[in-house]
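K.L.:
Listed below, chain by chain, are the residues.
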Amino acid sequence: MMLNKKKSRFFCFDWCDFVGSLKVAARGLMLHKGRAFLTSLGITIGIASVVMVVSIGSGAQSLITNQITSLGTNLISVLPGGRFDDGPPVAMMGITVTTLKLEDAEAINDPVNVPNVIAACAYVKGAVTVNAGGEAVDSFANGVSYTYTDVESAVISDGRFFTEQEQNGIEKVVVLGATVAEEVFNGVDPIGQTVKINREPFTVIGVLEKRGAVAFQDRDDQVFIPVTVAQKIIFGLDYINLIRVKIDSGDNLERAKSDIEATIRARHDIRDPKDDDFMAESIATLVGMFTAITGVLKFFLTAIAAISLVIGGVGIMNIMLVAVTERTREIGLRKALGAQKRRILEQFLFEAIVVTLLGGVAGIIIGVAVSALVALAVRSLGYDWSFAISGTAIFIAFSVSCAVGVVFGYYPAKKAANLNPIEALRHE
Amino acid sequence: MTHTSKVLIELKDIYKIYGSDGAETHALSGATFKIHKGEFVAIIGHSGSGKSTLMNIIGFLDTVTRGEYFFEDKNVTSYTEDELASIRNKEIGFVFQSFNLLPRTTAVDNVRVPLIYAGVPDKEQVDRSIEALKSVGLENRLNHVPNQLSGGQQQRVAIARALINNPSIILADEPTGNLDSKSGIEIMKIFKNLNDEGHTVILITHERNVAVQAKRIIEIADGKIISDKHNGHSPHPEKIHDVK
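Sequence lines, in order, name chains A and B.
If you use our numbering, the first sequence closes out at 1740, no skipped numbers anywhere.
If you use our numbering, the second sequence closes out at 310, no skipped numbers anywhere.
Check each hint, because a few of them may be wrong.
Said to hold, decoys possible - One side of the interface only, derived from the structure: several residues of chain A facing chain B at Cβ under 10 Å: (1) 1335; (2) 1339; (3) 1652; (4) 1732; (5) 1733.
As the list claims (entries may be wrong) - Per label pair, the in silico range of CB-to-CB distance: (6) B:148 with A:1633: 22 to 32 Å; (7) A:1342 with B:90: 40 to 50 Å; (8) A:1622 with B:136: 47 to 57 Å.
As the list claims (entries may be wrong) - Derived BS3-like pairs: lysine-lysine, alpha-carbon spacing no greater than 25 Å straight-line: (9) A:1653 with B:156; (10) B:189 with A:1335; (11) B:156 with B:258.
Worth flagging that the hints you see were computed from the coordinates, not collected in a lab.
Backbone N, C-alpha and C fix where the C-beta goes; we use that ideal spot for every residue, glycine too.
Here chain B stands alone, though its shape is the one from the complex:
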């Protein structure tokens, strides 16, 4: 990865303000940074720091109050709800803390959901789902329902689902939060491998020992980005956040 790789995400002075006059809450106050294709970024902060709001905005689940969001050089700041839905479908692979699998539904049927909304034919949906499940080592669990799977296996189904539509970004919200440490390590290994294969991975966490496994760490507190550092030997991609 180099400075010259393509800019995927560019946030310019993003504000997210909840509530109305008098009782306003600034969830984000002026977040600005870029994420390039192929990066492995951890966004770390305590609860209430604004990291979830940031994730929702990056993942096109929420709109900003002020500021601009460029995705692959397109200004997506004022996209409609349906435009956001379709860009989520194509560009974002979500991995949630609580897995969010459909209950009583097989692994294959869970993984294919994004393809249903992408208008992919049935047969292709199933074939691609099986491939994705194989790639996370669940070829023997294709027709298991979530209840029959361990937490680590459920999270791997969720990762297969996140990968299914070849998204530009894998956006993981506390992906190891509900897992025992052994499963957590396995899941982190999968993210590292995916990043090595060229996927852009953004990890939201409050645990420093999880965050340090990423190549770049953006720290957020009270809605402001307080540090943006390359982890270990990689060169720093940004300079603007050296200021407090």
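Just chain A, with the same shape it has in the complex:
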């Protein structure tokens, strides 16, 4: 009997003590449920924000890069304005630069200048109102080249696109996006009808198939008119916002890019590439730039969220220090009744770890739930948002909350373990 007891004690010495301390810690927490909950709240918020930032950030990033690459990978964009080191193009930051002309696009479209070109398309963009007798509808006008359907994946569902002659003749013809066609004509066949764009009458010659949104622009809620008409009649300007060039193969992107640059430099009389007043980039490079920008942003937001975790940890340390002071007599009593230092250390360390762990789990659940709600909301707006929860992010969040418990729980626990039992018992 005695021997048996000794043996089992030997086997369970460390593990049983460990579990015993855990149970004592659990009972201690049950006695202070409200406070434990409030303490863990800081960790919950910290972990939830980390999970949310990572998940929503990746969702947004992949949504936008997917949309950009869906335009096609063998495209080169030419934007007005030079480049500043490795920063984003000036035009991306909302500054109007007038250096790019329609003639630049026409020169690029000439295989003599750029042998690998399939088509180049110039763009002039702006908001307009569209009216066909009924109520005026707000829309977005794209003044584009007749080569538009060769460059972008636009399909004519009804009628036709405008021709080179119509473009050169500055004829007021329009191709409607699917949404505009529905809104303005409401089921009536629009071909041959007249619409007023900013009060100028246009003849509808075609309707495009539905395409969905790209980069938060609904491409179906737009109208397409000859670039010459957009410049001279609607917007009254002599420059263009963008040239998009389709190349015969993705392998020839670099060569085509230098051909394009050489063509425009010759036209703009630029000798040193440093003086470029335009910027030619393949879609892949633009995606890379965009990813770099959002990556920095995501890192920054995650860092802020992580700071809130540290603040939560300091909160835990604070509360645990209060608890140790408040429970000094209990600690003295436990020591008098035979608790070794290690057991007191474990008790208070486990309390801190359990609080942070529960807070961490709650934070993960809340973070995932909010990310899922955001995904649902964005999808209901018609975007192809992928709801991505990274297992790594959750694992890291979980480990971090454990680590916070250990790091910020250790000092108070050590303080408790080192109390002198006689003085602790005398504590009022």
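Based on these hints, arrange chain B on the given structure of chain A.
P.N.:
Here is chain B on its own, set in the frame of chain A:
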């Protein structure tokens, strides 16, 4: 009880000195005595006499500055903090003046605390706690928390806790100090019964009418033992303290 029963505690010329050079306080100056198994000893003295220091040393809560402490013939003078914790757990059952029960914790959960640190399995902890509470007449108060118990009942929970790990010594520090006289008498009755059952009981008090209920009275003043007498008819176990 006879001279031949086993010596539990042997203190040899114990000094406890607080403070450093110049401002030293001698809490104990040369305390020497033995306590045998089965004795019922009262240690009496005024506040500041050194009786609390003596209790802390006997109860392994404190270490000595000079002198030697033998417990069951083992020299425990230079035990480490953790060794002292585990010998407290096994050998000493403390009863405090202010009960020292865990607040908002049931009687059973209070009584089992020493068993948690003895590594006893959960089920056995609860079973033994219930038994101990029955033995002090609290079988109807198992799940009451201290607030729901009278002072006398709380002190009985504390006694059940002191008994739970079958200690060699029950060490009671002014156990009736916070009780009304009726509860005090009941608690003293429990100590007498425990002593009759063979438990060694050491009582620290400043009240002579409490001390006289013990079988032997050790009186302490200014850190020195000034008398060590058998109470009433029992023969005197020691002779060394006849000197002042």
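K.L.:
If a hint holds in the structure, say so; if it doesn't, say that too.
P.N.:
A quick look at each hint next to the structure:
1. 1335: holds, 8 Å
2. 1339: holds, 7 Å
3. 1652: holds, 5 Å
4. 1732: This hint holds: residue 1732 of chain A lies near chain B, its Cβ roughly 9 Å from the closest one there, short of 10 Å.
5. 1733: holds, 5 Å
6. B:148 with A:1633: 22 to 32 Å: With a Cβ separation near 24 Å, residue 148 of chain B and residue 1633 of chain A satisfy 22 to 32 Å, so the hint holds.
7. A:1342 with B:90: 40 to 50 Å: Holds: the Cβ-Cβ distance is about 47 Å, inside 40 to 50 Å.
8. A:1622 with B:136: 47 to 57 Å: Given about 53 Å between the Cβ atoms, the range holds.
9. A:1653 with B:156: Between residue 1653 of chain A and residue 156 of chain B the Cα gap is close to 16 Å, so the pair holds against 25 Å.
10. B:189 with A:1335: holds, 13 Å
11. B:156 with B:258: holds, 22 Å
Hint violations for this structure: none, all hints satisfied.
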